[in-house]
Amino acid sequence: MNFAATPARQGGFLNLGQIALQRLTWAAGGLSILAVVWLIAGHLLTSNPKLASYSTFGLIPTLQAFPDMWEAGKIQNASMASGYRLGAGLLIAILIGAPLGVLVGRIKWFAAYSNSPFQFIRMISPLAWMPIAVLVFATWNGSIIFLIAIASVWPVLFATAAGLAKVDPAWFKVARNLGAHPLQMLTRIIMPAIAFDVFSGIRLALGVAWIVLVPAEYLGVTSGLGYAIEDSRETLTYNHLTALVLTIGVIGYVLDSILVLLIKHFSWHRGGA
Amino acid sequence: MSIRGTEIKIEGLSQRYPSRKVPTFNRVDLISPPGEALAIIGRSGCGKSTLLHILAGLTKGTEGRVLLNGTEVTGPSPRWVMMFQAPHLYPWMTVTENVGVGLTFARWGKKEIAERVTEAIRLVELQDFAQANVQDLSGGQQQRVALARSLVMEPELLLLDEPFSALDAFTRAALQKDVRAISKRLGFNIVIVTHDIDEAVIMADRAVIMAGSPGDIVHELDVDLPDPRDRTDPEVQKLRARLMATFQEAANYKKPEVSLAGAGR
Numbered sequence: 001m002n003f004a005a006t007p008a009r010q011g012g013f014l015n016l017g018q019i020a021l022q023r024l025t026w027a028a029g030g031l032s033i034l035a036v037v038w039l040i041a042g043h044l045l046t047s048n049p050k051l052a053s054y055s056t057f058g059l060i061p062t063l064q065a066f067p068d069m070w071e072a073g074k075i076q077n078a079s080m081a082s083g084y085r086l087g088a089g090l091l092i093a094i095l096i097g098a099p100l101g102v103l104v105g106r107i108k109w110f111a112a113y114s115n116s117p118f119q120f121i122r123m124i125s126p127l128a129w130m131p132i133a134v135l136v137f138a139t140w141n142g143s144i145i146f147l148i149a150i151a152s153v154w155p156v157l158f159a160t161a162a163g164l165a166k167v168d169p170a171w172f173k174v175a176r177n178l179g180a181h182p183l184q185m186l187t188r189i190i191m192p193a194i195a196f197d198v199f200s201g202i203r204l205a206l207g208v209a210w211i212v213l214v215p216a217e218y219l220g221v222t223s224g225l226g227y228a229i230e231d232s233r234e235t236l237t238y239n240h241l242t243a244l245v246l247t248i249g250v251i252g253y254v255l256d257s258i259l260v261l262l263i264k265h266f267s268w269h270r271g272g273a
Numbered sequence: 001m002s003i004r005g006t007e008i009k010i011e012g013l014s015q016r017y018p019s020r021k022v023p024t025f026n027r028v029d030l031i032s033p034p035g036e037a038l039a040i041i042g043r044s045g046c047g048k049s050t051l052l053h054i055l056a057g058l059t060k061g062t063e064g065r066v067l068l069n070g071t072e073v074t075g076p077s078p079r080w081v082m083m084f085q086a087p088h089l090y091p092w093m094t095v096t097e098n099v100g101v102g103l104t105f106a107r108w109g110k111k112e113i114a115e116r117v118t119e120a121i122r123l124v125e126l127q128d129f130a131q132a133n134v135q136d137l138s139g140g141q142q143q144r145v146a147l148a149r150s151l152v153m154e155p156e157l158l159l160l161d162e163p164f165s166a167l168d169a170f171t172r173a174a175l176q177k178d179v180r181a182i183s184k185r186l187g188f189n190i191v192i193v194t195h196d197i198d199e200a201v202i203m204a205d206r207a208v209i210m211a212g213s214p215g216d217i218v219h220e221l222d223v224d225l226p227d228p229r230d231r232t233d234p235e236v237q238k239l240r241a242r243l244m245a246t247f248q249e250a251a252n253y254k255k256p257e258v259s260l261a262g263a264g265r
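Protein chains in written order, with the working numbering: chain Z, 1 to 273; chain P, 1 to 265.
Hints were generated in silico from the structure; no laboratory data involved. A few of these clues could be false.
To be verified - Quick list of in silico lysine-lysine cross-link-like pairs, DSS-like style, CA-CA up to 30 Å: (1) Z:173 x P:60; (2) Z:173 x P:110; (3) P:184 x P:110; (4) Z:166 x P:60; (5) P:238 x P:177; (6) Z:173 x P:9; (7) Z:173 x P:184; (8) P:110 x Z:264; (9) Z:166 x Z:108; (10) P:60 x P:21; (11) Z:173 x P:111; (12) Z:108 x P:60.
Unchecked claim - Away from chain P, derived, C-beta distances all over 12 Å, residues of chain Z: (13) 16; (14) 28; (15) 114.
For each residue, glycine too, the CB sits at the ideal point set by N, CA and C.
All chains should be built: construct the whole structure from the sequences, respecting the hints.
Here it is in structure tokens:
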């Protein structure tokens, strides 16, 4: 019989190595182009006497800043502080967003009533909450975590709801028919069925959270990547500033890549991601 | 794998919905002995599918009760398993995982699950596809997986709700024969709901006809034919004609120019 048996989760096994290599080549190539552009811009800054004081923005001074900053623990401390806020904010967003998404996806009247208020609150810029957050929360950490949570709850909520809307109701009937308990229904049927959508939502949420985090840290706090950037600007150590910007990019990229892997792992859709 | 059948006893079963004046069916009585393959034939909307759902414990009747070997059906159980029109497989699981899902619900050990699943997959002749992604299978193969998923529970009673109506004629014929052969080999009961006369003749030991509003069993006919049954066999043809005549009479059939739903397929 002419039939290509494919493993259920990996989706194509033989080509996996080749595909990974090709992706890696593309990534390396694209990043090299970015580095060259940066190198040229740095060179232009150095060669122009009017802009020479900004020459440390260039790629080479930036890379030279890393060993010192690492030794001083500046990058690690800033990343840890920011990471904690990001993690806490995202966790709250998931803990609130996923169950609310289940309600929106499963209960018609809840979806009908909640749609307008949710869309309304969603359209308020997370940073517009800043003054309110500062008044309400006793600590800066608290208010930053609140801002991240309120920014990232929406993608999780709406992705979960959209995932549930696509679930075949007969899957529940079959499971019940085969003797599934409510908890098994949740862990064996609902969760794997919507994991792909939930992680896609979390990926979007991570992007938003990462964007909100840095400006939120410009204000008040004395730790984190946003604070470290402000600090570098004020102390005129521009290569530290760019090194931190680079760190933000790298961490964001790594976190996003992890989520892409999770999404791929949980994806069972054909012709999709 | 060997399964004992069950005695099905339907006593005064009624189903009425508050939104409708006439009950879907009213005080239906029916007995099916252990190991029998029973076909319930009727036109769309006669309540036969609702009756099957009540047998499966997925719906409750308004009145009356269903007894299986003397035990009243109050909900779904692995002892009486339903197969639906579409396979409804879980696309994130392999064939093997789909077949074993009911046993994992019952918290069986890994080894026992593997053994039973292998046997069930062999029974439906899908050995070569055990690790395949169910989305890569044809419609007929998917319905075979759904069959194995039901058989693995070793049910006393397999309920079939027009399970092959979405398949092409050849696949349908093959599955009808196979399901009957497996049921006879293992000894479990079958109740199949269908509007396809052919299906009843090929699969059942006895056919009952549901008709009217409210629906009731208006006729029954023993399908006393040797196995394996072949559509082209004159005996099969003769019985098919008799069943069709009974069906038309029962359904108060008056307009010969309109073909019966699915009866000619």
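Checked against the structure, which of the hints given earlier come out wrong? none
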